[in-house]
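Chains as they are written, first to last, in the numbering used here: chain A, 1 to 353; chain B, 354 to 821.
Derived by calculation from the structure, the hints in this document are not laboratory data.
It cannot be assumed that every hint is accurate.
What the hints assert, rightly or not - A few chain B residues facing chain A, derived, Cβ under 10 Å:
id, residue
1, Tyr406
2, Ala500
3, Ile509
4, Asp657
5, Ile670
6, Gly754
7, Phe757
8, Leu760
9, Leu772
10, Phe778
11, Met790
12, Leu796
13, Ala797
14, Val804
Unchecked claim - Some chain A residues flagged as far from chain B (calculated, every beta-carbon gap over 10 Å):
id, residue
15, Arg38
16, Cys53
17, Cys62
18, Asp82
19, Leu102
20, Leu105
21, Thr193
22, Tyr212
23, Asp250
24, Ile252
25, Thr253
26, Lys258
27, Arg272
28, Ile322
To be verified - Think about it this way: if two alpha-carbon atoms lie no more than 25 Å apart in a straight line, the pair counts; the simulated SDA-like pairs of lysine to any residue are:
id, chain 1, residue 1, chain 2, residue 2
29, B, Lys696, A, Leu345
30, B, Lys696, A, Leu284
31, B, Lys447, B, Phe398
Even glycine gets a Cβ: it sits at the ideal position worked out from N, Cα and C.
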Amino acid sequence: MGLGRFVVTRTLNLVIVLFAVIFLTLAMAGEATDNVVRRGAEVYVRGDIAEQCRSQPQPSFCRDAAAIQQQMRTMTSRYLEDIGLNEPWWSPKRLWYKAYSLATLNLGESYYQRSYSGSNIVRDIILEALPKTVLLFSTATILSLFLGLLIGIRAARRPGGLLDRLISTIGVASGTVPLWWVGIIVILFFSYTLRIFPARATPLIPPSDPAYIPSLLYHMILPLVTITSLSFGSWAYVVRNLVIGIMQEDYITVAMAKGVPERNILYGHVLRSAAPPVITIVILSLSGSLGGALITEAVFDWPGMGRLFYQAIGGLDIPIVIGLVYVTTALYLASIFIIDLLYGLFDPRVKAG
Amino acid sequence: MAQRGIRSLWRDFAKQPEGILGLSILTLLLIATSIALTSLPQETFTEWSDPTYWTRYPKTAAPAWINLFSLTKQPEHLILHQPSINEDIVGGLKRVTHTYTLDYAYDDFSNDISLNYFLNYGATPPQIEFRVTRPDGEVFSLSRTTAPSPPPQISIYRLNGSISSADRILRNNVLQQFSKPNCPFSALNDTRANVLIFQASCDKIDTSSRVLKGVYIFEISFFFFGPVDKVQTTELIVGGRVFGFMGTDDLGRDIWVGVLWGTPVALFIGLTVSILGTGIGLMYGVASGYFGGKTDEAMMRFSDIVISFPLLFLLIIIAVSTRMTIGLLIIVLVVFGWPGLSKVTRSIALQLKTLPYVEVSQLIGASSKWVMIRHIVPQITPYVIASVALSVPGPILTEAGLSFLGLGDPTLPTWGKILNDAYVFGAGARQLWWWIMPPGVMLALTAISFVLVGNALDKVLNPKMRSL
Numbered sequence: 001m002g003l004g005r006f007v008v009t010r011t012l013n014l015v016i017v018l019f020a021v022i023f024l025t026l027a028m029a030g031e032a033t034d035n036v037v038r039r040g041a042e043v044y045v046r047g048d049i050a051e052q053c054r055s056q057p058q059p060s061f062c063r064d065a066a067a068i069q070q071q072m073r074t075m076t077s078r079y080l081e082d083i084g085l086n087e088p089w090w091s092p093k094r095l096w097y098k099a100y101s102l103a104t105l106n107l108g109e110s111y112y113q114r115s116y117s118g119s120n121i122v123r124d125i126i127l128e129a130l131p132k133t134v135l136l137f138s139t140a141t142i143l144s145l146f147l148g149l150l151i152g153i154r155a156a157r158r159p160g161g162l163l164d165r166l167i168s169t170i171g172v173a174s175g176t177v178p179l180w181w182v183g184i185i186v187i188l189f190f191s192y193t194l195r196i197f198p199a200r201a202t203p204l205i206p207p208s209d210p211a212y213i214p215s216l217l218y219h220m221i222l223p224l225v226t227i228t229s230l231s232f233g234s235w236a237y238v239v240r241n242l243v244i245g246i247m248q249e250d251y252i253t254v255a256m257a258k259g260v261p262e263r264n265i266l267y268g269h270v271l272r273s274a275a276p277p278v279i280t281i282v283i284l285s286l287s288g289s290l291g292g293a294l295i296t297e298a299v300f301d302w303p304g305m306g307r308l309f310y311q312a313i314g315g316l317d318i319p320i321v322i323g324l325v326y327v328t329t330a331l332y333l334a335s336i337f338i339i340d341l342l343y344g345l346f347d348p349r350v351k352a353g
Numbered sequence: 354m355a356q357r358g359i360r361s362l363w364r365d366f367a368k369q370p371e372g373i374l375g376l377s378i379l380t381l382l383l384i385a386t387s388i389a390l391t392s393l394p395q396e397t398f399t400e401w402s403d404p405t406y407w408t409r410y411p412k413t414a415a416p417a418w419i420n421l422f423s424l425t426k427q428p429e430h431l432i433l434h435q436p437s438i439n440e441d442i443v444g445g446l447k448r449v450t451h452t453y454t455l456d457y458a459y460d461d462f463s464n465d466i467s468l469n470y471f472l473n474y475g476a477t478p479p480q481i482e483f484r485v486t487r488p489d490g491e492v493f494s495l496s497r498t499t500a501p502s503p504p505p506q507i508s509i510y511r512l513n514g515s516i517s518s519a520d521r522i523l524r525n526n527v528l529q530q531f532s533k534p535n536c537p538f539s540a541l542n543d544t545r546a547n548v549l550i551f552q553a554s555c556d557k558i559d560t561s562s563r564v565l566k567g568v569y570i571f572e573i574s575f576f577f578f579g580p581v582d583k584v585q586t587t588e589l590i591v592g593g594r595v596f597g598f599m600g601t602d603d604l605g606r607d608i609w610v611g612v613l614w615g616t617p618v619a620l621f622i623g624l625t626v627s628i629l630g631t632g633i634g635l636m637y638g639v640a641s642g643y644f645g646g647k648t649d650e651a652m653m654r655f656s657d658i659v660i661s662f663p664l665l666f667l668l669i670i671i672a673v674s675t676r677m678t679i680g681l682l683i684i685v686l687v688v689f690g691w692p693g694l695s696k697v698t699r700s701i702a703l704q705l706k707t708l709p710y711v712e713v714s715q716l717i718g719a720s721s722k723w724v725m726i727r728h729i730v731p732q733i734t735p736y737v738i739a740s741v742a743l744s745v746p747g748p749i750l751t752e753a754g755l756s757f758l759g760l761g762d763p764t765l766p767t768w769g770k771i772l773n774d775a776y777v778f779g780a781g782a783r784q785l786w787w788w789i790m791p792p793g794v795m796l797a798l799t800a801i802s803f804v805l806v807g808n809a810l811d812k813v814l815n816p817k818m819r820s821l
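Construct the complete structure from the given sequences, taking the supplied hints into account.
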């Protein structure tokens, strides 16, 4: 399998998954949202007709109730035809239209949610939340990566030692404890019992205020520390496993035999070989955190995409839910795609199939 | 041979402390499951989300054992079912007396006292007398009433009645009997019956509003007039602020019961998804690797597609558009959960199919199905066993997360659901730690136990396949 074919299959995979997600979301929620729009169209048309009948000169159909009904039906169906709702959700035209809307981030309007600036455009609401999610989770990932590298390498120098066993235990344990549950407990203890940090991570001042950014950063401390302290263990465990694996390679043995100092071997050779898988995990955990951190954000009330998701689910604000699903799916698929391509470029074994 | 194999495997497994730890936690979970399935009333499971079932329980009561760590003992919520029963004839009438004896050694008053009774009687309603004998020897008559007259044309009337300390007549009765010449109404801080019943008398102890500790005897007597009349059951509830092993939530639900019920539900979800998913992944991977070529290519592309599905979002979309049930959840988790394993089994099958004995088997005309099931699957099984254990926590944590979002099966007592209730009712802000800690600890313990057992099994069964 050549690189060209590899790129083609990965692209195909991306497109198929994206369409399957669109298809499934429409299959599940399409009918319900259509009904909402239909009802909305009827209300709109009724208002329009009332307006027409009040104006002078009065149109002819206003004198007869049956004629008004007839006019309402034709106007509603014309309106629905204009926006493409005369076709069922599974028609190819509508699927393509959805894909096109997604590509242009035209995700419709929310039912209830508003952005800080008061907009009800789903795109605006999501774009307002996205940077905050990225801020929190990329900071947490970088911090835990740093700690994980530091501790993981140290543990790998003496496999079976005290630090190694400690890290292996912490790595396994912290990976299985639900982060959001720890969040609830941390909030209970630090916010309500000790009253050190605010319980809600959303600043009370509006984003337009110059004091917003410092306030946001202060509110970020508790979630950031919680996420980092729960995830660095798994990172250290992964790094430790990678490093121990690489240390058994022949070229490391040769370097040791030559008398290269252990420091140089670890930070020169070993880290360089460990970089590609580590970068993969970084990208995956970053893209995974976009939506996977939904519950964590909701618990800490951090004003990112996860909390938006939670609020939209609570209020059954379907356009927002679907918009978020599309955006996070697209970002997730894009990151998988990029990782695959990077691997295809740098790892000859992938091309060989 | 197989037995020897298992014995030596067990010996290897037992050498690993982590594996043994995991297995011990798993045993505890199985014990919790069997307690839930055998000794808890079925209604606590089916009526978990029905607040009317839990009215006899206290609301947001702390666990009873916190009294061990505190100098002032909070009154424990008591639900007493087993009175000593005495029957005699008084003035030609049958009198049935149920006597409840309780040692009240708490430092605060009861919230309320209620006595529930279930009677059968004919045309003439029975007379009911409720009284309490206090440790200082005083007897308070709490209530003297006649049961309501049955509707006409009913031969046996069944009455579900109750006497409560909140009742105005009962309160006045207690107040009159409590006040003495040197202890007038005006000297009392709190004139509620539930307080006065347990309060030391003013003329015996100079400081007012102190709890009189000691043995209280609550007696309820029924005077019957007809031959069919009888007492089915009675129940005395002495309301308190601490209850049970894990306390209760805002609806009065016993959290210990919920946590116990959560165990079989979680294990069922985890094991079903894990076993089904592993089975599908195993067969799919073996078939893909064994057939090879274009079939392999197509099958692997398909599994790539399935693996890159955003599962949590899909579940959320399903949950907001239809009613989520545990069966639906399991189906979705299985449908999207198998591809990870299929990659591994495929690569092993690719190696195994070139082995001489497999080729010989093919040459002598064995069918593909036969070769795969007889020669390839058994070789992969050790790997798969560890994988079953390792893929149990995933579905359990997914279900918990979904339930926490309020998108799980709304009727089941799952750990995620209990945490969702706690979150919605603001348990964090109200410091109700007993509502938050147990479900999360159970989740973490379950996940850790399977990971530990899985890792240990992996080391024992696949020493060669590990890089370390």
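Right, here's what the structure says about each hint:
1. Tyr406: Violated - the Cβ of Tyr406(B) stays beyond 10 Å from chain A, reaching only about 26 Å at its closest.
2. Ala500: violated (48 Å)
3. Ile509: violated (51 Å)
4. Asp657: holds (5 Å)
5. Ile670: holds (5 Å)
6. Gly754: Holds: closest Cβ of chain A sits about 5 Å from Gly754(B), inside 10 Å.
7. Phe757: holds (6 Å)
8. Leu760: Leu760(B) check passes; min Cβ-Cβ to chain A is 7 Å, inside 10 Å.
9. Leu772: holds (7 Å)
10. Phe778: Hint violated; Phe778(B) Cβ to chain A Cβ min 12 Å, cut 10 Å.
11. Met790: holds (7 Å)
12. Leu796: holds (6 Å)
13. Ala797: holds (4 Å)
14. Val804: holds (6 Å)
15. Arg38: holds (17 Å)
16. Cys53: holds (38 Å)
17. Cys62: About 40 Å separates Cys62(A) from the closest Cβ of chain B, which puts it past 10 Å; holds.
18. Asp82: Fine: 26 Å to the nearest Cβ keeps Asp82(A) off the interface.
19. Leu102: At roughly 14 Å from the nearest Cβ of chain B, Leu102(A) sits farther out than 10 Å, so the non-interface label holds.
20. Leu105: Holds, since 17 Å exceeds 10 Å.
21. Thr193: Label violated. Min Cβ-Cβ 7 Å, cutoff 10 Å.
22. Tyr212: holds (25 Å)
23. Asp250: holds (14 Å)
24. Ile252: holds (14 Å)
25. Thr253: For Thr253(A), whose nearest Cβ neighbour in chain B is about 15 Å away, the distance exceeds 10 Å, so it holds.
26. Lys258: Label holds. Min Cβ-Cβ 24 Å, cutoff 10 Å.
27. Arg272: holds (18 Å)
28. Ile322: violated (7 Å)
29. Lys696(B) with Leu345(A): holds (21 Å)
30. Lys696(B) with Leu284(A): holds (19 Å)
31. Lys447(B) with Phe398(B): violated (40 Å)
When held up to the earlier numbered hints, the structure conflicts with 1, 2, 3, 10, 21, 28 and 31 and fits the remainder.
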